[in-house]
Amino acid sequence: MYLKKILLPLFILAVLFTSCGGNNSQTAANGKTAGTDKEGIMGAGATFPYPFYSKVFDVYFKEKGIKVNYQSIGSGGGIKQLQNKTVDFGASDAPMSDDELSKSPAPIVHIPTCLGAVIVSYNLPGNPVLKFTPDVLADIFLGKITKWNDQRITSVNPGVQLPDLPVSVVHRSDGSGTTYIFSDYLSKISAAWKAKPGTGKSLDWPVGLGAKGNEGVSGMVKQTPGSIGYVELVYALQNKMPAAQLQNKAGNFVSASLQSTSAAANTGLPADMRVSLTNTDAPDGYPISSFTYLLIYKNQQYDDRTETKAKGTVDLINFVLHDGQQYAKALGYAPLPAEAVNKAEEILKSVTYADKPLE
Amino acid sequence: MPDVNREERGLQLKEKAFKNTLVIFALLSVVVLLAIFITLLFSSMPSLKALGISFFYNKDWDPVADNFGALPFLLGTLITSFLALIISTPFSIAIALFLGEYYKKGIMAEIFKNMIDLLAGIPSVIYGFWGLFVLVPLVRSLEMKLGVAPYGVGIFTASLVLSIMILPYSVSLSRQVISMMPGHLKEAAYSLGATRLEVITKITIPYTRSGLFAGLLLALGRALGETMAVTMLIGNSHILPTGIFSAGNTMASVIANEFSEATGTVYTSALIEMGLFLFVVVTVINIIGKQVIKRFTA
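These protein sequences, in sequence, are chains A and B.
All the letters of the first sequence, read from the start, carry residue numbers 0 to 358 under numbering that gives the first Met the number 0.
All the letters of the second sequence, read from the start, carry residue numbers 0 to 297 under numbering that gives the first Met the number 0.
Fair warning: there could be bad hints in the mix.
Some chain B residues close to chain A (C-beta under 10 Å, calculated; not the full set) [stated by the list, open to error]: (1) 132; (2) 145; (3) 146; (4) 153; (5) 237; (6) 238; (7) 242.
Calculated lysine-lysine pairs in the DSSO-like style (CA-CA distance at most 30 Å, straight line) [said to hold, decoys possible]: (8) B:185 to A:193; (9) B:104 to B:185; (10) A:355 to A:61; (11) B:58 to A:193.
Worth flagging that the hints you see were computed from the coordinates, not collected in a lab.
Virtual Cβ for every residue (Gly too), placed ideally from N, Cα, C.
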């Protein structure tokens with residue numbers, strides 16, 4: 000009796016608690032969109048370009064006096080927040096999938112802002128500069144090549160003394176755009192990889208240990224003799240990690256650098272810029288490169304959004320595309336090549352408010 | 000006379016208000032617990048529908064193919080937690096006896112007690128770092144001697160760090176139970192000619208075993224839910240653990256690793272379902288533990 004008397008109201012209260020939570024977050028979300036221009040421009044998304052964006056947005060604030068509030072919560076979160084219209088722009092490392100676009104309330108455009116790359120690093124005695132052909136790289140990460148002195152590795156690295164060490168693969172344990180780009184590359188060059196594990200931010204890895212973040216992977220690689228892992232170019236440059244030269248589609252062995260990363264975009268780019276830059280046919284391009292994007296709605300007139308706010312958002316992105324590019328290199332990001340800037344500008348011109356272009 | 004009555008009624012009101020406040024606060028904690036459970040349940044509905052019962056015995060975790068099974072992580076969680084408990088139990092009982100029997104008072108005893116309590120206050124990320132820089136190389140050299148793959152990270156390393164992290168929880172409860180034991184029992188044993196060792200093994204431990212067990216249970220609960228330090232040391236491999244030196248993963252660390260970038264309804268929901276599963280596992284272990292304590296004391 001007593002139990003029933005207490006448990007029932009408790010249960011009802013608990014249900015109330017959970018449902019209240021949902022309602023509250025929705026009203027908070029609506030409140031943000033309705034915000035005035037005083038609170039500046041809100042954005043959220045990818046963590047990878049955060050240092051670049053925060054520098055450019057800071058310069059923008061000093062020049063134009065408009066504050067940009069960017070939260071680096073991850074690409075997935077950025078897309079979700081844009082879909083919920085709680086931010087003015089989203090940011091993502093990978094272009095949105097057709098499925099994600101169809102789930103969005105209105106058409107969204109992709110504007111690339113800079114390029115990043117993923118390098119393959121390793122821990123071997125003396126850390127020689129190694130060369131990998133696509134099939135060797137794929138088979139190492141598939142667990143088919145298990146020794147460093149395997150004939151397939153030594154044959155592409157003549158003159159390099161490779162030890163009789165087991166290969167320990169290190170991968171990211173957290174869901175990450177870096178893993179997405181890396182697995183996108185491996186899926187393109189290896190049919191076996193494409194079948195399983197495939198392309199994604201988290202994978203069912205056939206072999207290896209997981210470590211959290213770029214720092215986790217690089218720490219594990221530095222500690223474990225005979226290990227191999229992948230990290231972002233920015234992180235590898237800052238920490239002076241050994242990086243392999245990879246054979247690109249044209250057959251050239253290319254080392255990862257800002258120049259070779261930018262060069263990867265010298266290829267036929269589609270009008271909507273939703274393109275994977277891994278394994279492009281650019282002759283001097285590094286094969287594991289990628290754009291990072293800002294995302295906005297094509298029609299900027301939604302909810303009770305003012306024209307000033309819409310104009311401000313487009314103006315900001317225009318600033319990143321032009322004046323902002325000069326800050327990329329110093330921070331370890333590859334700037335957009337001229338053709339990509341032109342195409343991005345075309346996209347920005349297609350953004351409208353009340354059926355009129357904003358640019 | 001009416002004045003006295005009014006005063007009395009005022010007092011009664013105060014009493015009532017005080018009691019009700021206490022009830023509200025007590026109920027609030029239960030409500031929060033239920034609310035968490037209901038939220039987890041509702042949010043894991045899509046995955047419950049899509050994956051059904053296979054979630055609990057499937058050994059694949061493939062976010063690309065939307066194929067999710069929690070078995071490797073359930074095993075990882077249980078193995079690391081129980082291994083940690085096995086490693087830490089001799090230490091925790093020894094420390095509790097030492098502080099509860101031999102070294103009850105004095106500055107040294109106070110210092111010891113505070114130091115051990117302080118272990119509970121160290122953030123888990125620091126345990127993780129310490130494990131990574133100190134334990135991992137040690138375990139690696141051990142693994143080289145044993146001839147297993149010398150990763151250094153894995154279930155064994157994670158359990159070692161966990162055993163240190165859970166130590167203060169079992170020690171503080173066991174120590175209190177031992178020091179609160181009525182003196183006349185021990186005095187009677189001594190007067191019959193028992194040695195100190197005999198008193199401890201024949202009187203103290205049997206008398207306090209339910210308390211000691213409760214302390215271990217508290218420690219186990221802590222080990223099951225630990226996330227950060229384990230993630231840094233377990234190797235994060237989505238495989239069924241093959242031994243104590245194998246890499247693995249736990250439910251809590253998979254959620255922490257993958258939740259922020261999880262896209263897709265089933266993926267997100269599968270991670271929440273894992274949270275629900277962890278919640279249920281911890282509850283079940285607690286209930287079993289309580290039953291065992293009851294049987295011991297009866």
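A quick look at each hint next to the structure:
1. 132: 9 Å, holds
2. 145: 15 Å, violated
3. 146: 12 Å, violated
4. 153: 8 Å, holds
5. 237: 6 Å, holds
6. 238: Hint on residue 238 of chain B: holds, closest Cβ of chain A at ~9 Å, below 10 Å.
7. 242: 15 Å, violated
8. B:185 to A:193: 71 Å, violated
9. B:104 to B:185: Status holds; Cα separation ~18 Å.
10. A:355 to A:61: Holds. Residue 355 of chain A to residue 61 of chain A sits at ~29 Å (cutoff 30 Å).
11. B:58 to A:193: 21 Å, holds
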